[in-house]
Structure formats: structure tokens, C-alpha cells
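Protein chains in written order, with the numbering used here: chain A, 1 to 564; chain B, 1 to 101.
Rather than coming from a laboratory, the hints here were simulated on the basis of the structure. Yeah, the Cβ is synthetic: ideal placement off N, Cα and C, and Gly gets one too. One or more hints might be untrue.
As the list claims (entries may be wrong) - Just the calculated beta-carbon pair ranges, DEER-fashion:
no., chain 1, residue 1, chain 2, residue 2, range
1, A, Ala256, B, Pro13, 23 to 33 Å
2, B, Ile100, A, Val50, 33 to 43 Å
3, A, Leu369, B, Glu17, 27 to 37 Å
Claimed, not checked - Result set (DSBU-like, lysine-lysine): computed pairs, CA atoms no more than 30 Å apart in a straight line:
no., chain 1, residue 1, chain 2, residue 2
4, A, Lys136, B, Lys14
5, A, Lys64, A, Lys136
6, B, Lys14, A, Lys469
7, A, Lys136, A, Lys539
8, A, Lys539, B, Lys14
9, A, Lys64, A, Lys298
10, A, Lys346, B, Lys14
11, B, Lys54, A, Lys469
12, A, Lys136, B, Lys98
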Amino acid sequence: MRRLSLATGAGLAGFLGTHAVAWAAGAVEGDVQKQSLNIAAIAMFFLFVVGTLFITYRAAASSKSAADFYAAGGGITGFQNGLAIAGDYMSAASFLGISGLVFASGFDGLIYSIGFLVGWPIVLFLIAERLRNLGKFTFADVASFRLDQTQIRILSATGTLVVVAFYLIAQMVGAGKLIQLLFGLDYLYAVVIVGALMIVYVAFGGMKATTWVQIIKACLLLAGATFMALAVLWHFGFSPEAMFAEAVRVHPRGDAIMAPGQMVADPVSAISLGLALMFGTAGLPHILMRFFTVSDAKAARKSVFYATGFIAYFYILTFIIGFGAITFLMVDPAYYSVGAGGAYNKIAGLLGGTNMAAVHLANAVGGSLFLGFISAVAFATILAVVAGLTLSGASAVSHDLYAEVFARGRADERKEVNISKASAVVIGIVAIVLGYVFENQNVAFMVGLAFAVAASCNFPVLLMSTMWKGCTTRGAMWGGFLGLTSAVVMVVLSKAVWVQTFGNKAALFPYDNPALFSMTIAFGGIWLFSKLDASQRAKNEVASYDAQYVRSETGIGAASAHIH
Amino acid sequence: MVQSEQERILRNPKFQELVRTRSGFAWTLAAVMLAIYLGFIFLVAFAHDLMAAKVGGGVTSVGIVLGVVVIVSAFLLTGIYVQRANGRFDELTRDLQKDIA
Chain A
1 MRRLSLATGA GLAGFLGTHA VAWAAGAVEG DVQKQSLNIA AIAMFFLFVV GTLFITYRAA
61 ASSKSAADFY AAGGGITGFQ NGLAIAGDYM SAASFLGISG LVFASGFDGL IYSIGFLVGW
121 PIVLFLIAER LRNLGKFTFA DVASFRLDQT QIRILSATGT LVVVAFYLIA QMVGAGKLIQ
181 LLFGLDYLYA VVIVGALMIV YVAFGGMKAT TWVQIIKACL LLAGATFMAL AVLWHFGFSP
241 EAMFAEAVRV HPRGDAIMAP GQMVADPVSA ISLGLALMFG TAGLPHILMR FFTVSDAKAA
301 RKSVFYATGF IAYFYILTFI IGFGAITFLM VDPAYYSVGA GGAYNKIAGL LGGTNMAAVH
361 LANAVGGSLF LGFISAVAFA TILAVVAGLT LSGASAVSHD LYAEVFARGR ADERKEVNIS
421 KASAVVIGIV AIVLGYVFEN QNVAFMVGLA FAVAASCNFP VLLMSTMWKG CTTRGAMWGG
481 FLGLTSAVVM VVLSKAVWVQ TFGNKAALFP YDNPALFSMT IAFGGIWLFS KLDASQRAKN
541 EVASYDAQYV RSETGIGAAS AHIH
Chain B
1 MVQSEQERIL RNPKFQELVR TRSGFAWTLA AVMLAIYLGF IFLVAFAHDL MAAKVGGGVT
61 SVGIVLGVVV IVSAFLLTGI YVQRANGRFD ELTRDLQKDI A
């Protein structure tokens, strides 16, 4: 065992640079050098902004009720919602980070793609239909269906806001780094532009505008990635074997890129990461919220089917793009900072870092205009993701905290929507400030943390309250908060924060990802404290499971008012 | 929903069949997905040589083929579930709704 860890340790150190990057939803980590002004990219991004603002204007005119604002009036079709879910999920990290990871280490990039994908079937089998049948606007509606409104909403809103905060910081910092690389503009421009636009989309257009921003972005990203992958495959006569052979020939690691590298050196970390990715997907509040935009359970399940298809297709494209970048870029010094005598490092020497592999490939296969297009799409991607996050954060504040906790369910609908809009403005401003503050911080661990919290707080509470009759408020509260805090504490004590951010010598928590432990704590906590709960309230909650059960399985009563 | 209606649904054999077959099906598929994924991770962690082995004398490795298989299987499993749910399970739900109407 000791020999194994020593042997892998050396490789891991070299690998961590790229490993950390794949986690950063914003895709770009560390110091970046501002590039020259890219007019084509800025112009195309401007077109995207004008188009989406026009949609926001139309959406604002037709959004009147709370259902319009939170759930686009339930009028999104399964196919549209599938595209929008894919749009919410395909972040800049997926596109730039994973293709950069494939570029640097080949096969290992595939492991990440797979981890991000396999949560979707779980969402479909266990969550999607029940969520649609039981809920109205947020997943807290579902978790608190038969439990104590005030307590469970506070828990769910906390889980939501923590996930949104970590995810948002990573996105804002990523946006700032990307704008320097892609557009040649200053960091602060990006943070302010992204913050301001997300406020406008969410506060004026609500879910309708946010959904259409996601759909447009998903189409643009899929179209651009398809073009690149086809161009690469066409070059090799549509033979992946020929592409792999050429990649092995030119890559400095040679044939090693076709086999697992150092990524899964430690099985506990690997399993833990796998669980976080798989079940975190089923606990991301901005994703869960999308299931309330469709009319019924049937449309909800169709939307997961389409989303899984789009996301799977996208990750296969990313893999081809990564290998294409190896074959096209590594033989061309023009894409590298070349040292004396014409020598260059084929991985680390790539201009702008390995995360720029896909962007450089765009130039190689489509020229400078296509480079501008891909740059604009990459930036639009961040914008769409933050809009979804902001909307779910704002909904947690207005629908869960204000309407149910503060106003005790007696809130005026118009006032609730106004509070949501105000929250969106506040979240946007906070995001701008945090993006500015965290400019030079290591934020790579934050997306991992967001997934870990989603898997250890939101998902267990949601699953147990809908599937286990014995689940009580006390159990959900204890289990949820224990899962949340243990996930955060373990990440803080792990290498990414304790050593790399705080500069301590050794990590107090030995694994990269806490999910294996924090999920166990959450589920165990919910079970134990529910069992120990002998209160009258607990008896009532168990007794009202049947009503919830019937509605969650059949949707009967789903259109009528909430029963409490 | 009133108490008696809820009791009626709970006792309805169609409801019981719907819930039994659907939850059995969903949990089975979830277990299959988990097994495929964890199996892949275990192979990556413990069977490096198998994953690095070549397919048909070329450079393409077993690992890459299996990786693509995992991606495709995730999509197929969702397809299988949706097919079944939109057919058999929705039919049962409609029958049930007729019964209690």
C-alpha cells in the first residue's frame, strides 16, 4: 500500500494542475495573460446579448403571475426543457476544462465526462417525476410537503444558497479569467458584465427568459462543438483509430494517453468523487427547479431523456475535440510560447494554458472568425449558467424564506415575486463583489464543494422525505445539517483548501472529496434522528405519508392546492 | 384530497401494481447504472493493464471503448425507462384515474 501511494504521489503532483482546473466551472485557473483585443469574438458576444435581451423584454411583458416568474407558467415542452437542462449543465468547465484535460492526459478526461453524465439516469429514475408531482416552484416544496414548513424550508434554502454561492464564485472568477484570454479585456469588465446581465435576465425575464437563454446557448454550444468534431474526424477520414494513432505519435506521453493515468490512483477518493458527481447532480437546486417548468410528470421524464442525450453527445464531442487538439496543435509551434532554439513544451507551453486547447483548435479548423464564435459561445455559456443559479437562489429567498418562513404562507403573490426580483439584484451585486475579491484565490475546489453539499444535504433530504415513510422533520433537519456541515468541514480540512489555500503542511482530511463520508453521515443522521423522534408531530408526519405517497406516484391532486 | 379517496387509491390493485412494478423497475435500473459506473471506476483503479490493452491490433484501447460504452449505456437506460413509463406505467395511471373518477 505504501509503495503504491509513493509511486502515485509523484504522478499526482504533476497531475493536480489540470485536475483542479477541470473542477473550476469557470474553467480557467491560476495566472492568465491578457491577450490582444478580439473584435470578432466581442461582436458575436454582443449579438448574443442583444438577442437574449430582446427575449427578456418579450418574457417580461408576458410574465405576470408567480408561476410565470418561477416556472415559466409550466409551459415549457419536454424537448425544450431537455435542451435548457443541458444548457444549465454544460458549463465552460465541461467544454474548455475537459477538452483541456483530454489534451493534456488523454483517457483521464473521459473519466470526468462519465462522472458528470451518470447522475442523469439517477435523476430520472428516483427524482424527476416525484418532484413534478409534489412541487410547485422549488425543491423545498417537495421536501417540506408533509414536514414542518418553517424548519425544512430554512434547511432547503440554506442548502440551496450554499450550493449557489460556491458555484457562483467559481463561475465569476472563471468569467474574469476567460475574458482576458478570449476577448483581451480586463478581469473586472467580465465580472461586471456577467453580474449586470444576469440581474437583467432574472429580475425582468424570470424563468421564461432564463430558459430561453439556456436553450439558445445550448444550441450554439452544440453546433460549434459538432462543427469542430466533424472537422477533426473529416481530417482523419472519419476513422477514430487514425486520429488516436496520430495523437499517440505526436503526444509527449505517447501511448500512455490511451490508458488510465494518475486520476484514480486512490480508490477511496475516486469513489467519493464519483458519488458526489452522481448524486450531486440530483441535488443541484437550479437543475431541480427546471422540472417545475413542464406541464406534468410525463414531460418531466422526457426532458431528462433529451437532456441525457444532449449531454452524452456533448461529452463525446469534447473527447474528440481534445484528441483533435492534440493532433492539430502539438505539431504547430504557432500555438506555443517557443523558447530558444525553437523548443517548446507540448503541454504546458500552450498559449493561455491547456484550457485553451478547444479555443486554439477552433482557430486551426475554422479560422479567426470561427475562433471568435467559439470564444463568444464560451463566454455566453458562463452567462447562462449564472442566470440559472441566480434564479434558484432568488427563489429560495423569496418563495422559501420570505413567503413560507417570514410571512408564514400568507404572502401576497405580487410581493413575493418582487422580493424575488430584489433578491436577484442583491445576489448579482454580491456575486460581482465576490468575483472581485476572489480574483487571485484558488477557487478550483468550489465546484467540487457545491456538488458535495448538493449530494450530502439536498439529495438525502429530498430522497428520504419522499421515499421513506418514517422520515420526520427532526430527522431531516439533523441529517441535512450534519451532511451540509460535514461536507464543508471535510473540504476545508482537505488538501485543496487546508494546504493549497491556507498554506498548512499536511491535510487533516486525507481524501480529495468528502461525499462518501458526508453522504453516509446525512443518510445515517436522517434515519437515526427520525427513529429517535417520538413526538406527536412525528406521528402526524408519518401518518400523512400516505397522501404524499399517492400524489407522488400518480400525480393525482397535483394541480390542486397544497395539503398541509 | 379527502381521506376516503386516498384510502380508495391505496387499496386499488391498479395502484399497487403501478407502484410495485414502477419502483422495482426504477430501482433496478438505478442499481444497473451504479454498477456500470462503479465497475468502470474499479477497472480504472485496479485493472490498468486491461484498460490499456489494445483493441484489434490498433492503438484504440479497451478503456476508451468501455468509456464510450458507459456513456451510451447511460443514455440507453434513460431511453428504456422513458419508453416503459410512457407506455405501460402511464396506461396504468390512466386506468387508475378512471377507476377513482
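Hint check:
1. Ala256/A - Pro13/B: 23 to 33 Å: violated, 59 Å
2. Ile100/B - Val50/A: 33 to 43 Å: Given range 33 to 43 Å: violated, Cβ gap about 52 Å.
3. Leu369/A - Glu17/B: 27 to 37 Å: Distance hint for Leu369/A, Glu17/B is violated at roughly 59 Å.
4. Lys136/A - Lys14/B: holds, 27 Å
5. Lys64/A - Lys136/A: holds, 16 Å
6. Lys14/B - Lys469/A: Holds - the C-alpha atoms of Lys469/A and Lys14/B are around 21 Å apart, at most 30 Å.
7. Lys136/A - Lys539/A: holds, 25 Å
8. Lys539/A - Lys14/B: holds, 28 Å
9. Lys64/A - Lys298/A: holds, 26 Å
10. Lys346/A - Lys14/B: violated, 64 Å
11. Lys54/B - Lys469/A: violated, 50 Å
12. Lys136/A - Lys98/B: At roughly 25 Å apart (the allowed maximum being 30 Å), Lys98/B and Lys136/A satisfy the hint.
In the structure shown, a violation is registered for the earlier hints numbered 1, 2, 3, 10, 11, in ascending order.
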